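Given the coordinates of chain A, work out where chain B should sit on it, guided by the hints.
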Amino acid sequence: MNFKELRKIIRKIYFNNIIQQFIRSLSLSLFVESIFLLIVKIFRFEIIIWLHVLVPVVLFIISFGLLMFFFTPTKKDIYRTIDKEFDLKESLLTKEEFINQDTPILNIQRKEVDERLNRLYAKDYRLSISISLIVIAVLSISLFTTSAVVPNRYEKNNDSVSSEPSIDESSSSESSSVSSSEESSNDSSNDNSSGEENNNSNQDISDILDDLKDKIDNSDLDEETKENLKDQLDKLEENLQNGDKTEEEKNEEIDKTEEDMNQEVEDNKDGQSEETKDNLDDLKQDISNAMDQIKDAMNGQEGEGNQGGEEGGENQGTSGSGTGDGNGENIYAADDLIYDYENDRYVSYGELIEFYYNKVVEGMNDGSLPEDLQDLIAQYFASLYNETSSDSND
Amino acid sequence: MEKEIESFKNLVSKINLELRKDIVGQDEVIEAVLIAIISGGNVLLEGIPGVGKTRLVRSLGKTLNLPFSRIQFTPDLMPSDVTGTNIIEKDSEGRMKTKFQKGPIFSNLILADEINRATPKTQSAMLEAMQEHKVTIASKSYEMQEPFFVLATENPIEQDGTYPLPEAQMDRFMFKLIMTFPSVDELKDIVKMTQVTMSEMANAVANGEDILAMREITKEIPIIDEILDYTMRLVSATHGEIQGNDIAKKYLRFGASPRAAQALITGAKVRALMQGRYNVSYEDIDCLAYPTLRHRIKINYEAISEGLSNDDVIRMIIKGLKK
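The listed protein sequences correspond, in order, to chains A and B. Under the working numbering, residues 1 to 394 are what the first sequence spells out, in order. Under the working numbering, residues 1 to 323 are what the second sequence spells out, in order.
Among the hints, erroneous ones may be present.
Result set (DSS-like, lysine-lysine): computed pairs, CA atoms no more than 25 Å apart in a straight line [stated by the list, open to error]:
{"no.": "1", "chain 1": "B", "residue 1": "323", "chain 2": "A", "residue 2": "89"}
{"no.": "2", "chain 1": "A", "residue 1": "89", "chain 2": "B", "residue 2": "9"}
{"no.": "3", "chain 1": "B", "residue 1": "9", "chain 2": "A", "residue 2": "111"}
{"no.": "4", "chain 1": "A", "residue 1": "4", "chain 2": "A", "residue 2": "123"}
{"no.": "5", "chain 1": "A", "residue 1": "89", "chain 2": "B", "residue 2": "3"}
In silico negatives: residues of chain B with every beta carbon more than 10 Å from chain A [what the hints assert, rightly or not]:
{"no.": "6", "residue": "28"}
{"no.": "7", "residue": "78"}
{"no.": "8", "residue": "141"}
Treat the hints as calculated values from the structure; they're not laboratory data. Bear in mind that the values here come from a model prediction, so they are computed numbers and not experimental data. Cβ atoms here follow ideal geometry from the backbone N, Cα and C, with glycine treated the same way.
With the rest of the complex left out, here is chain B:
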């Protein structure tokens, strides 16, 4: 086990190093993406165009030596464009037979760009695959290749003609990350780097099996009852009507689902090991609370009128919880 853990730490640091070759800044986003991919979750990424969303997934694909596909969602995109469809073709004997043509979703790393531009039907097809890791076409299921990781993006600027993801669908994303505009220094580094080449410079340092092995290791990381209880209280605290939490009652329309609790625990274990620890701490939970909960809760008009964001409400809830 020590060898595996050592290998885990080495791989994580190597992956980080390689990703930093292509992505400037965005440390929290990179860390969260790594956590999500090791945990087996998916990520919803929000950011204005040009901050490096596609590049991140491409670089990740290169680093992990995993096939990568990009699906640009448009309003006219059909579900079969995503998942694939049955086509009729002639076999070698000249007979007509149906054959399933796999869609772009059959890859390890998927970048679902501007998922909110597609119709709800297409979104559902995508999200079903995300959740189930399989696609069912004409009563036949086709499994995705593990590790399967979807990084969906939402463009916060162009809202015209978009179909915002319903809350139930948002819940399927483990994290929602926000890629912010880089600082002046970071921008300078980005420009310097891309002046040399626009291609990703990351090298392959791991593969899909490594990710799966890492996933198995992190499942063993212990978490004490106290922290488990704290996590459950945190998720429950987002439900003002159930738990009576004053902040939630005042500022939230609805709270996070039990998937949030699962995501928190799984992510915390990965984070603990990534930090070189062999147990989950309160810090892990508090840190991951924001990407885990921000897309699972909805603030009400009172919060909006007070200028509070989802993160602000989460911060207040965390502050009010006793450790």
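Next up, chain A with everything else stripped away, as it sits in the complex:
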């Protein structure tokens, strides 16, 4: 009997079984890992990255081991497969089952089976994988790929805000929608890993300082003062990039620089025209704003509106944090600053309200506002104006 070819066929059958169990185990581990990934992303669990490798690998090893242990084909299974693949009509199985019996017909049967086996060749046995197994494997891979590439949309935003605030002319309920849209834009711009936060923060600070330097250059100060101010900014940047300093020290550094610079600008106002003085006041405001921005960039805070008690504390209007929930609360305090794109300057909210209030009054007087709406508009602005006034007085 051609044992060699039969042994080859048997080896092929075992190999086929290994492949099938491999695919099953792989499908199972990928499927479980996909579910795991999705759960982690949806519920915002903080999982160490190598766990995403360990879980599927361990699951694969265990399932593969178990499948190989429980589903390794027996001798009978092998013979059944050979009978089926080579159309032996269960003759090999019969030979195996009656191997210990000795009757004339069984002897003839064995002889006939041996003759048939002699005519078999291992190359005629083709490895096969069931279609359902292939489908399961493809589905598992697809699910895994999908879950891996789905962005973590629910990650916490720990980065600072750097985008320009927008002017909000509407009521507070609309402010919430504006602020939330700004928040989403900021979220996208602040989608950094913790490892990149520092680099982005430094870049933001550099940008802010460069911006401020430009404003200083365009201001009405004398050249010496400009250079002094710019030097102070360089020194500040250097200090902020110093990793040895604590956050508190850096904040103090910022405050001191702000104070010094504002003082220097203030000193420069002497003997200047009213217009120049106003411009220098604006520069002071720019300096204060820049320092606030630097603090935010450094601390990774979202603009939360009024910094509380700080002179010229500005609401960046970029986050809509806290109060922007459409319940009618004001987002901006009276002395909050709003960026005026047209004039490239910051104006206080109170000033803006006053401006629009005057416009409303003008509209009422010249009849451009509909009469039936005048009362409503008046009440609205009165309430805003009153709040604004009360906030300024605080």
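Below, chain B alone, put in the same frame as chain A:
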């Protein structure tokens, strides 16, 4: 043993060859009839008139060199017309004595034509002989000559005034075969052949002893437990109320008896050897499932309303079984 097996194969092929001289087409029927006769079973043949039922049995009788008798069943046929009866006659000394006059059933090959036309009583007499291979008249038993083979026919067209065989009696037939109307080409061959002569042209190539020897050989054919188990599951699957098989529950009123399992195994062994194999395979069981089970199961109205036949239900059951 090799000689006997070789002889078996030769005989089978010779018988086939001779039968093909008289019967055109009907390959499955011929094969099943041969299997039944070698197995020692009987066959119920269904077919419209003129498809060759009588000719088949006649030809078989000639081929096997066995006495053949034909019993035309009619409503007025009495049991004694079939089995025989005691008659009173004078012996050589002038004394009156009873003598058993054997009926037409005392032959090797019987064609029981239109068995469903006879009364149940006459049918029973026939069927008792089929089952027991003997007839008991006035407490005396008369054995049939082996091999004893009955091929009963049923005319599917004329149902008026007939007495359909009860299910219990149907069970005594090993196979139920359906002789279909021949194809155009086959019809052409039949006409050409019968234009020459209407008589059977088959020659004797075997005899009763050969059949008995073949029967003994096939008993030795091995069958593995797996296939045995499969066969039992197949027969059990026809009983929806017992085994919980969904198909049987849905479409069958009742299932096959244990005789079906016996018939399947016996027939499968013969078929395996006829095919040149020395072991029974799943194919043998699946192939013989239809002639073995179709007359032993009864479909319900749901199956009828869905246009399913007995064979369709058997096919569904086989498909649902795991090998």
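Hint-by-hint comparison with the structure:
1. 323/B <-> 89/A: Within the cut-off at roughly 13 Å; holds.
2. 89/A <-> 9/B: At roughly 18 Å apart (the allowed maximum being 25 Å), residue 9/B and residue 89/A satisfy the hint.
3. 9/B <-> 111/A: holds (17 Å)
4. 4/A <-> 123/A: holds (12 Å)
5. 89/A <-> 3/B: holds (23 Å)
6. 28: holds (19 Å)
7. 78: Correct as stated: the minimum Cβ-Cβ distance to chain A is 46 Å, above 10 Å.
8. 141: holds (34 Å)
Consistency note: the structure conflicts with none of the earlier hints.
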